[in-house]
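Enquirer: If you want the building blocks of each chain, they are given just below.
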Amino acid sequence: MDQIRVLVAKPGLDGHDRGAKVIARALRDAGMEVIYTGLRQTPEMIVNAALQEDVQVIGLSILSGAHNAIVPRVMDLLREQRMTDVAVIVGGIIPDEDASELKKQGVAAVFQPGASLEEIVRVVRSSVKQPA
Amino acid sequence: MSKGHTATGGKPVTTLSGLPVQPVYGPEDIAGLNLAEAPGEFPYTRGIHPDMYRGRLWTMRQFSGFATPEETNRRYQYLLEQGQTGLSVAFDLPTLMGFDADQPESLGEVGKCGVSICSLEDMETLFRGIPLERVTVSMTINSPAAIIWAMYLAVAEQQGADWGRISGTLQNDILKEYIAQKEYIYPPHPSMRLVTDTIEFATQQVPRFNPISISGYHIREAGSTAVQELAFTLRDGIEYAEWAVERGLPVDAFAGRLSFFFNAHNDFFEEIAKYRAARRMWAQIMRDRFGARDERSWKLRFHSQTAGCSLTWQQPYNNVVRTAIQALAAVLGGTQSLHTNSLDEAYALPSEHAVTLALRTQQVIAHESGVTAAPDPLGGSFFLERLTADVEEAANEYIRRIDGMGGMIPAIEEGFPQREIAQASFEYQQSIESGERKIAGVNAFTVENEQPIELLAIDESAAGHQVEKLAALRRRRDGTRVTAALDALRRAAEGSENTMPVLLEAVRAYATVGEMTAALRDVFGTYQEKSIL
Chain W
1 MDQIRVLVAK
11 PGLDGHDRGA
21 KVIARALRDA
31 GMEVIYTGLR
41 QTPEMIVNAA
51 LQEDVQVIGL
61 SILSGAHNAI
71 VPRVMDLLRE
81 QRMTDVAVIV
91 GGIIPDEDAS
101 ELKKQGVAAV
111 FQPGASLEEI
121 VRVVRSSVKQ
131 PA
Chain D
1 MSKGHTATGG
11 KPVTTLSGLP
21 VQPVYGPEDI
31 AGLNLAEAPG
41 EFPYTRGIHP
51 DMYRGRLWTM
61 RQFSGFATPE
71 ETNRRYQYLL
81 EQGQTGLSVA
91 FDLPTLMGFD
101 ADQPESLGEV
111 GKCGVSICSL
121 EDMETLFRGI
131 PLERVTVSMT
141 INSPAAIIWA
151 MYLAVAEQQG
161 ADWGRISGTL
171 QNDILKEYIA
181 QKEYIYPPHP
191 SMRLVTDTIE
201 FATQQVPRFN
211 PISISGYHIR
221 EAGSTAVQEL
231 AFTLRDGIEY
241 AEWAVERGLP
251 VDAFAGRLSF
261 FFNAHNDFFE
271 EIAKYRAARR
281 MWAQIMRDRF
291 GARDERSWKL
301 RFHSQTAGCS
311 LTWQQPYNNV
321 VRTAIQALAA
331 VLGGTQSLHT
341 NSLDEAYALP
351 SEHAVTLALR
361 TQQVIAHESG
371 VTAAPDPLGG
381 SFFLERLTAD
391 VEEAANEYIR
401 RIDGMGGMIP
411 AIEEGFPQRE
421 IAQASFEYQQ
431 SIESGERKIA
441 GVNAFTVENE
451 QPIELLAIDE
461 SAAGHQVEKL
471 AALRRRRDGT
481 RVTAALDALR
491 RAAEGSENTM
501 PVLLEAVRAY
511 ATVGEMTAAL
521 RDVFGTYQEK
531 SIL
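Just so you know, the protein sequences line up as chains W and D, in that order. Take the first sequence: its position 53, counted from the start at 1, is 53 in this note's numbering, and no numbers get skipped. Take the second sequence: its position 241, counted from the start at 1, is 241 in this note's numbering, and no numbers get skipped.
Please note that a few of the clues may not be correct.
Where chain D lies over chain W, by a calculated footprint (3+ residues, C-beta under 8 Å) [said to hold, decoys possible]:
1) 48-60
2) 63-69
3) 85-98
Which bits of chain W does chain D cover? Going by a derived footprint, with three or more residues having C-beta under 8 Å, they are [claimed, not checked]:
4) 33-39
5) 104-116
The calculated label-pair distances, taken between Cβ atoms and stated as ranges, are [claimed, not checked]:
6) D/D162 - W/S116: 32 to 38 Å
7) W/G31 - D/Q77: 52 to 58 Å
8) W/D76 - D/P187: 20 to 26 Å
9) D/K530 - W/V123: 38 to 44 Å
10) W/S116 - D/Q22: 29 to 35 Å
11) D/K530 - W/G31: 29 to 35 Å
12) D/P187 - W/E97: 40 to 46 Å
13) W/E53 - D/P501: 17 to 23 Å
If you are wondering where the hints come from, they were derived from the structure by calculation, not from laboratory data. Cβ atoms here follow ideal geometry from the backbone N, Cα and C, with glycine treated the same way.
Excised from the complex, chain D in its bound form (with noise of 0.2 Å):
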């Protein structure tokens, strides 16, 4: 569906997501569209809040994590003191994978992608000097929440921090991973109990934190068009809500802590119009087809990432402009919490100095630029206001497909997200292959003998340096306890109860990640997919 942008010879133009648009749009273009609501009004679609960033910006929230806990808890401790206003952890893929530093899988993964963290004991070290009363927290880890959350809820404690008063989010969005991101460990039945278990615990005890952040991102990441990306996040949040109910619990009780997490792309309008479609489309499910009374579950709240996808290896200061550009796209579009990467996005993971640079992004974009001064100030466009109804338009349809196979778990189990991605990422690599769509440095505008630019490196050390810690961990710790918990952990997967209470136990016991992991493991197996080119 992704065609070209390019306004050459008569030939038609559309958005990265194939939506045609017109050599220009005019008053006859939004004249039998509703624009009467204001922002803070329902259905939302100009921002939740009346005042939006003249009341308070968004959180600047930079995606961090590498090596050691050690070292990850210096860089948390630089971003804060450079501004950044809230945290969000990296893990390394053996966290995310719920396996252990020592364990054969993890070979050459140690702290790669992000912060290796087996026990309580690295959690303890990750937020040492970081007070989680005062500082929000996101996490992003998918088959092993709830036993990270179970970590951080245990560090909290251990700094005599009120579990009714710590906020922050966790990613823990299972059905994204079998769509997109890989990240699955189980089965999805038991996975959506697992997620089902933290919104239960979460509105029962730790009421300001966001158990869930349905993400879009990463679908994008996966070669999405926005469209498919706003569709299949909004269609996984009804999937979310259906099985909450489900638990018994009202939907007010839930889903004013249902959180989002969109992709901020190249095609600046199209994106905006995403963000203003995501607001009305998601009050309108949550009042008519949920039945929520309060408008706080009306309002969704969105993270947004500029899109890694699209940053190149080839000229990569060029990525500080495209990281700008769509950084303000989400700015322009409402956000409440953003991420812009760093140049070296397609080398490794950020330097210091890029790192920077992308945080001074998003502060030149509140500070300087005059953009926070109006809520939704593009609101009203022609262009814009058409592009929203039209975004909104395609994405119900994708909606209305997913229900006639009867609900996401079908959908995916037969392959419908995953093909829709995989057409669309081919799609968008011939018009790059074709030049039909021009990427500077990449395909246009190419240099030969590239200056080298520094880069973050992360050695073995970190996974020697974990391993040593483990092995003394495991010395020092209660085996009978960790055992006794395990089995109990083992037993609650079973049955029915909810897990976080086993789980609390046992990572207070200092059970490893791994551990605790493979208990579930026993209980629920594992899941292969069925894979789709």
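One chain only, chain W, in its complex shape (with noise of 0.2 Å):
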């Protein structure tokens, strides 16, 4: 079985990269393939990031409440580049009517602050659309 390939990534001009970062080492712990961005990515960096590095999961890390800005600008380049079988993952500080608006926009799974390193290593792997 081959490893999952996961982009994490920061959007907007958010710096708080903790989060990211302990996800990023707990998926590789797990066995995944992990692409850290780094900072003040554009969501067409990410989407473009994405396609290079072949990935089945997107994860957005978003503290600075765009995310109702980047997060459908993200699932538009999406669509547009036929990458729908790329699963996108959300976390940070999302209210609960946004994170269920995402979701009914084709987000995956959104967390938010306090989610175990176990459960968002669990959903990243269930995510995953194409075969592995």
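Since each chain comes alone in its own frame, lean on the hints to assemble the complex.
Expert: If you want it as structure tokens, here you go:
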């Protein structure tokens, strides 16, 4: 079984990367291939990186409140690029109503503060749409 | 290094930083220590004033800002009415990163994490009705700090306030951006030049202002231990002092206005030990390493903020308790200024109700708890004095290592502090995952179906409002004057003159944050970090 490939991304201006880095490391420890984009990525840069790196999952970390502008743009770009087989998972400061809305737009899962690494790893694994 | 706290089954017990805690402490643990000095006496372990809070309470300074300058001005008026004694400005991410509200990078971000400030016009609105000669203001701004400070000085000037009398603080600590908060724009050397420009300008023209707040808060929030927080902060302080001396400033001309900013985290006694160790270490660094002679140069003054990263999404009312305990640690540690977080920290910017309760937390401690009656009331405690010495020793070891690397900038370029922080934060998370460290509501004492809490909402109309104002501003202002000012700014940046005068001219001409940042970026370039997981 091939390794699951995950892109962990920090979109927008938010520079708080503690969570994204801890999760990237946990996913690596769980046997996944993780590419961390670094900070201040635009949706275009993220989708392009996902394409280049041929990932099955994109993890977006957003704590700035800008998720309603950023996430739909990522989803649109994935549709434009015919990459809808890539699962998108969002983590950060996302209120419940916004989380429901994002899931309606195709986001596979939304993690709010306090989520356990074990659960995140499990959900990432199960979100993979292509055969691994 | 951070291990669990649990004292069950004979397992070793440590502080949050991993320092061992013995089963009991007694006189033999402090027998060899020099505990003779009183509060207000070098090296100020027990506080920088002989009387501490008997003479004057700490400043209650709630960090605040959201949406438009108009709305934030209203919140500031409210907080001052509720008994806050100093202001503290939170800027939005576009402002922090040097972008105007109408730039593409700002989409979705305007006013969300703080107030949107694009030009002097916004700064004027922010401080409408607030006399800068009577109210001290702290501004949490880093890469664009010199720009924002120029706007502040211009507003003070408009109000007829004397620059020689206004006081406040500029965070302006770029080194910790590379280490932890990541709001850098330019590379380290030109950024340090800008910081040194502000320190020099302050010593010459704004002598009661603190041009820098050398910070550990963000380092701690990024996941460091208390020891790392202390060590990296003081070593950053050493770096700033070296650059100022290199600029030709005598140490006693500027050192008295270097201020500090620490986290107030959960491990009650370790935090108090940290503050006491910080004062002792800095006094010795200033006197012995830098040859400072004025006692104002020796006295470490600091602001504290209770630990945002310790507050939870689950059972948010538990956060009121955490904040109260953390605030008490900061007070028992002798802080000069304090921000207490709101219970909704994990959800949103503070609602009016939540920030009022956070302010009341300070007021209860100040007026009802009795802890302000004696300076350093825990001084002489076997446990605390031993812990203070242990924290100091562990922090000094880090400082020696960074000295060995050639200083903080080489250490940053090598990724040393970033690696230490990443490791500490991962270990901390593991201790929660394993249940070794219990957090009420998160991995212990959980409940199903919690009641939602009322939150502050910031809608997109703030962005629209700011964008419209910018369009009107660009039409109204003297474009020729702006262009000339930006050219002068670029020339100053290319040379070695102090950039503050040209920034002031650009600000008075109503150049925008984005325009001034872009001009500097043209000259200085940008910084790309090498990510360390």
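Enquirer: Hints first: check each against the structure and report whether it holds.
Expert: Hint check results:
Counting residues of the segment 48-60 of chain W whose beta-carbon sits less than 8 Å from any beta-carbon of chain D gives 0, not enough to reach three: the coverage restraint is violated. With 6 residues having a Cβ less than 8 Å from any Cβ of chain D, the segment 63-69 of chain W passes the three-residue criterion, so the hint holds. Proximity of the segment 85-98 of chain W to chain D, defined as three or more residues with a beta carbon under 8 Å from a beta carbon of that chain, is established by the 3 residues found. A count of 3 residues in the segment 33-39 of chain W with a Cβ less than 8 Å from any Cβ of chain D is obtained; the coverage claim is therefore met, three being the minimum.
With a cut-off of 8 Å between beta carbons, the segment 104-116 of chain W has 4 residues touching chain D; three or more are needed, and the interface restraint holds. The beta-carbon spacing between D/D162 and W/S116, approximately 56 Å, falls outside the hinted interval of 32 to 38 Å. For W/G31 and D/Q77, the Cβ-Cβ distance of about 55 Å falls inside the hinted range of 52 to 58 Å, so the restraint holds. Between W/D76 and D/P187 the CB atoms are about 34 Å apart, so this pair departs from the stated range of 20 to 26 Å.
For D/K530 paired with W/V123, a C-beta distance near 29 Å fails the hint of 38 to 44 Å. Between W/S116 and D/Q22 the CB atoms are about 33 Å apart, so this pair conforms to the stated range of 29 to 35 Å. Checked against the hint of 29 to 35 Å, the pair D/K530 and W/G31 fails, with Cβ atoms roughly 25 Å apart. Look at D/P187 against W/E97: about 41 Å separates their beta carbons, and that is inside 40 to 46 Å.
Against the hinted window of 17 to 23 Å, the Cβ-Cβ separation of W/E53 and D/P501 comes to about 48 Å, which falls outside the hint.
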